[in-house]
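Starting from the known structure of chain A, fit chain B onto it as the hints suggest.
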Amino acid sequence: MSHISVRGVSFGYTNKIVLRDINLDIAHGEIVTLLGPNGCGKSTLIKLMLGLHRPGKGNIYLDGTDISRIDSKTIARTIAYVPQIHRSSFPYAVIDIVLMGRIPHKAFFFRYSKEDMNVARNAMERLSISHLAERPYTELSGGERQLAVIARALAQGAKTFIMDEPATGLDYGNQLKLLDQIIKLSGEGYTFIKSTHSPEHALWIADRAVMIKNGTIVADGRCDEAISTESLFHLYNARVSVLRLNGSLRVCVPQTICGCRESAGDQEEESLL
Amino acid sequence: MKRFGVFPFLSLLLIVTTAGSLILGKYPIAFRDMAGFFLFKFFHVGQMSTESCQLLENLLLDIRLPRILAAILIGASLSVSGTAFQAMFVNPLVSPGLLGVLAGGSFGAALAMIFFKSWVAVQACTFVFGFAAVLISVGVAKIHKGNTVLLLVLGGVISSGLFTSLLSVVKYIADPYNQLPAIVQWLMGGLSMIEVRSLVVIGIPQVVSIVLIALLSGYLNALSMGDEEARALGIPVEWVRMLLIFLATVMSALTVVVAGMIGWVGLVIPHVTRMLVGPDNKVLIPASALIGAIYLIVVDDVSRMLFNVEIPIGITTTLIGVPFFAIILKKARRGWS
Numbered sequence: 001m002s003h004i005s006v007r008g009v010s011f012g013y014t015n016k017i018v019l020r021d022i023n024l025d026i027a028h029g030e031i032v033t034l035l036g037p038n039g040c041g042k043s044t045l046i047k048l049m050l051g052l053h054r055p056g057k058g059n060i061y062l063d064g065t066d067i068s069r070i071d072s073k074t075i076a077r078t079i080a081y082v083p084q085i086h087r088s089s090f091p092y093a094v095i096d097i098v099l100m101g102r103i104p105h106k107a108f109f110f111r112y113s114k115e116d117m118n119v120a121r122n123a124m125e126r127l128s129i130s131h132l133a134e135r136p137y138t139e140l141s142g143g144e145r146q147l148a149v150i151a152r153a154l155a156q157g158a159k160t161f162i163m164d165e166p167a168t169g170l171d172y173g174n175q176l177k178l179l180d181q182i183i184k185l186s187g188e189g190y191t192f193i194k195s196t197h198s199p200e201h202a203l204w205i206a207d208r209a210v211m212i213k214n215g216t217i218v219a220d221g222r223c224d225e226a227i228s229t230e231s232l233f234h235l236y237n238a239r240v241s242v243l244r245l246n247g248s249l250r251v252c253v254p255q256t257i258c259g260c261r262e263s264a265g266d267q268e269e270e271s272l273l
Numbered sequence: 001m002k003r004f005g006v007f008p009f010l011s012l013l014l015i016v017t018t019a020g021s022l023i024l025g026k027y028p029i030a031f032r033d034m035a036g037f038f039l040f041k042f043f044h045v046g047q048m049s050t051e052s053c054q055l056l057e058n059l060l061l062d063i064r065l066p067r068i069l070a071a072i073l074i075g076a077s078l079s080v081s082g083t084a085f086q087a088m089f090v091n092p093l094v095s096p097g098l099l100g101v102l103a104g105g106s107f108g109a110a111l112a113m114i115f116f117k118s119w120v121a122v123q124a125c126t127f128v129f130g131f132a133a134v135l136i137s138v139g140v141a142k143i144h145k146g147n148t149v150l151l152l153v154l155g156g157v158i159s160s161g162l163f164t165s166l167l168s169v170v171k172y173i174a175d176p177y178n179q180l181p182a183i184v185q186w187l188m189g190g191l192s193m194i195e196v197r198s199l200v201v202i203g204i205p206q207v208v209s210i211v212l213i214a215l216l217s218g219y220l221n222a223l224s225m226g227d228e229e230a231r232a233l234g235i236p237v238e239w240v241r242m243l244l245i246f247l248a249t250v251m252s253a254l255t256v257v258v259a260g261m262i263g264w265v266g267l268v269i270p271h272v273t274r275m276l277v278g279p280d281n282k283v284l285i286p287a288s289a290l291i292g293a294i295y296l297i298v299v300d301d302v303s304r305m306l307f308n309v310e311i312p313i314g315i316t317t318t319l320i321g322v323p324f325f326a327i328i329l330k331k332a333r334r335g336w337s
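These protein sequence lines are chains A and B, in that order. Here my numbering is used: the first residue of the first sequence is 1, the next is one more, and so on. Here my numbering is used: the first residue of the second sequence is 1, the next is one more, and so on.
Because the hints were derived from the structure by calculation, they are not lab data. Computed from a predicted structure; not experimentally measured. It is possible that part of the hints are untrue.
As the list claims (entries may be wrong) - Pulled from the structure, derived: some chain A residues nowhere near chain B, Cβ distances all over 10 Å:
| # | residue |
| --- | --- |
| 1 | Ser5 |
| 2 | Asn15 |
| 3 | Ala27 |
| 4 | His28 |
| 5 | Asn59 |
| 6 | Met100 |
| 7 | Ile129 |
| 8 | Tyr190 |
| 9 | Thr216 |
| 10 | Ala219 |
| 11 | Ser228 |
| 12 | Tyr236 |
| 13 | Arg239 |
| 14 | Arg250 |
Stated by the list, open to error - Just the calculated beta-carbon pair ranges, DEER-fashion:
| # | chain 1 | residue 1 | chain 2 | residue 2 | range |
| --- | --- | --- | --- | --- | --- |
| 15 | B | Val322 | A | Tyr13 | 37 to 45 Å |
| 16 | A | Arg77 | B | Leu65 | 48 to 56 Å |
| 17 | A | Gly157 | B | Ile204 | 33 to 41 Å |
The beta-carbon is built from N, C-alpha and C at its ideal position, and this holds for glycine as well.
Isolated chain A (complex conformation) (with noise of 0.2 Å):
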């Protein structure tokens, strides 16, 4: 049984179709990459997936359940959703931003316990941020604020991270650091479900992407397989060779740089090395 299976998903406003009869499957474990370019409905498939949105038509099932008959906390113990790093309007301390982790935890009328307070902090200690407790949130630097909800979504106890764009607005190393941290947590048994701009970060970590263009998905498989110059092309509108260094590491080049314009077909998969 897959872990979640949207099943002939249809979603829209009034006057506009967003999705358009989407099926996948994600099972326990997998880091999946949703690519596809700006107002693909990446964001509203996440959303639909966490149970924020219901779908015009079809079924979302979270373990086998109608995710629409689970409650919403429920749905918060399974899956946690790291949205875009932003900039929060008060300066709460880090560890208030950790501890909201544990609001699925608690009865309506809520005070947070000692338990709590050990989880948010053991969270922080995994992520190896510890040190920014007492921070403000609003004063940390774009890569430490993705950590501290990284670190909020671990103590919410889920299994399964759905991240919207991660990435975005993050500096090159702390985009690397993050891929990293994602790397580690699905080793411990971790599910991802993420989109992200930059097809790279789908070939060196993902084992699978999905992609979506006008609201349907396009391609889904092994990214190694579903992520070639054909496919980018068809989904960005750009042509880009896809390079595949010593091993199997593969990198995307635009072809306008690597000069291999008239020659497309045959640079893709060249072993550079």
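Chain B alone, transformed into the frame defined by chain A:
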């Protein structure tokens, strides 16, 4: 999390302020006399002539204490509802009047002053129209779909505008010799008409609302991260927000019922408190209740002591609040974006 240490200090300050304000007044009472009176009255310790006991009882228990208790309740209510609104609407310039409760309440009061004679009717009308104004704001937001927070703010603008102009209509048709001055004076806010009976009627729901908002304060933190994040944390956002708006409306409508328009408390005190204890609402809500209470007691002392004639407290809070806000604005902006 470590900021809970302020509470013993603030509680002590509240007690000192209360005791100090009992002594202060046109008829000054020595602290010794007050202490002696309370010991004699409640513990039958010491001696006191029936005459001076009567006098002190009248001054302290019948006149000054209700007024101080009203200041505590109103200051705490306005501050807590202001704090809750600022967190909920993720906006530092929001005050309890955002959704129209003060405008609606003022209209209701003015209307009742013209058409009914009884004071109870005026109070009931104030409460009903304060609530109606908020319902209109929420209704306007519900009709349209989209960003709920933004729509609520716009609904509040519409509702406030409606009731402000309706208030002008009432003022225009009011008898300019008796009714109009009464309306205008009432709108300036004042604690001089407090009675023990109405204190009980407003006090219980206000205290209950403050306690409930304090219990919901963990959600306030999450709500200020945005609706989607809050919902992904398993919070029933719509319903928690409506509950919070309901409680804040009850509290602030009741302040208008007994004391008219008291401005700027609900805007300034949350800022001051945030500067003292940080933005965590779990600490901020109870702390702003205490600081708001202390502040309004002090301002009321100033209002009744500064000149021979008592100044309406709504004027004093604004005159103090405006420059104070202008000064702290730079500091308050820190961390906001």
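Hint check results:
1. No beta-carbon of chain B is positioned within 10 Å of the beta-carbon of Ser5 (chain A); the least distance is around 19 Å.
2. Against chain B, the non-interface label of Asn15 (chain A) holds: every CB pair exceeds 10 Å, the least being about 12 Å.
3. In this structure Ala27 (chain A) is separated from chain B by more than 10 Å, as the shortest Cβ-Cβ distance comes to about 22 Å.
4. Residue-level check passed: His28 (chain A) sits 20 Å from the nearest beta carbon of chain B, beyond 10 Å.
5. For Asn59 (chain A), the shortest C-beta to C-beta distance to chain B comes to about 19 Å, beyond the 10 Å cut-off, and the non-interface label holds.
6. Residue-level check failed: Met100 (chain A) sits 5 Å from the nearest beta carbon of chain B, not beyond 10 Å.
7. Non-interface call for Ile129 (chain A) relative to chain B: holds, since the shortest CB-CB distance, roughly 16 Å, exceeds 10 Å.
8. With a minimum CB-CB distance of about 16 Å to chain B, Tyr190 (chain A) clears the 10 Å threshold, and the non-interface call stands.
9. The beta carbon of Thr216 (chain A) is kept farther than 10 Å from every beta carbon of chain B, the shortest such distance being approximately 24 Å.
10. No beta-carbon of chain B is positioned within 10 Å of the beta-carbon of Ala219 (chain A); the least distance is around 28 Å.
11. No Cβ of chain B approaches the Cβ of Ser228 (chain A) within 10 Å, the least distance being about 34 Å, so the stated non-interface status holds.
12. In this structure Tyr236 (chain A) is separated from chain B by more than 10 Å, as the shortest Cβ-Cβ distance comes to about 26 Å.
13. For Arg239 (chain A), the condition that its CB be more than 10 Å from all CB atoms of chain B holds, with the nearest at approximately 36 Å.
14. The non-interface label for Arg250 (chain A) is consistent with chain B: the shortest C-beta to C-beta separation is roughly 33 Å, beyond 10 Å.
15. A beta carbon spacing of about 44 Å between Val322 (chain B) and Tyr13 (chain A) agrees with the range 37 to 45 Å that was offered as a hint.
16. The hinted range of 48 to 56 Å is satisfied by Arg77 (chain A) and Leu65 (chain B), whose Cβ atoms lie roughly 50 Å apart.
17. In this structure the supplied range 33 to 41 Å holds for Gly157 (chain A) paired with Ile204 (chain B), their Cβ-Cβ distance being about 39 Å.
Comparing the model with each numbered hint stated earlier shows that hint 6 is the single one that does not hold.
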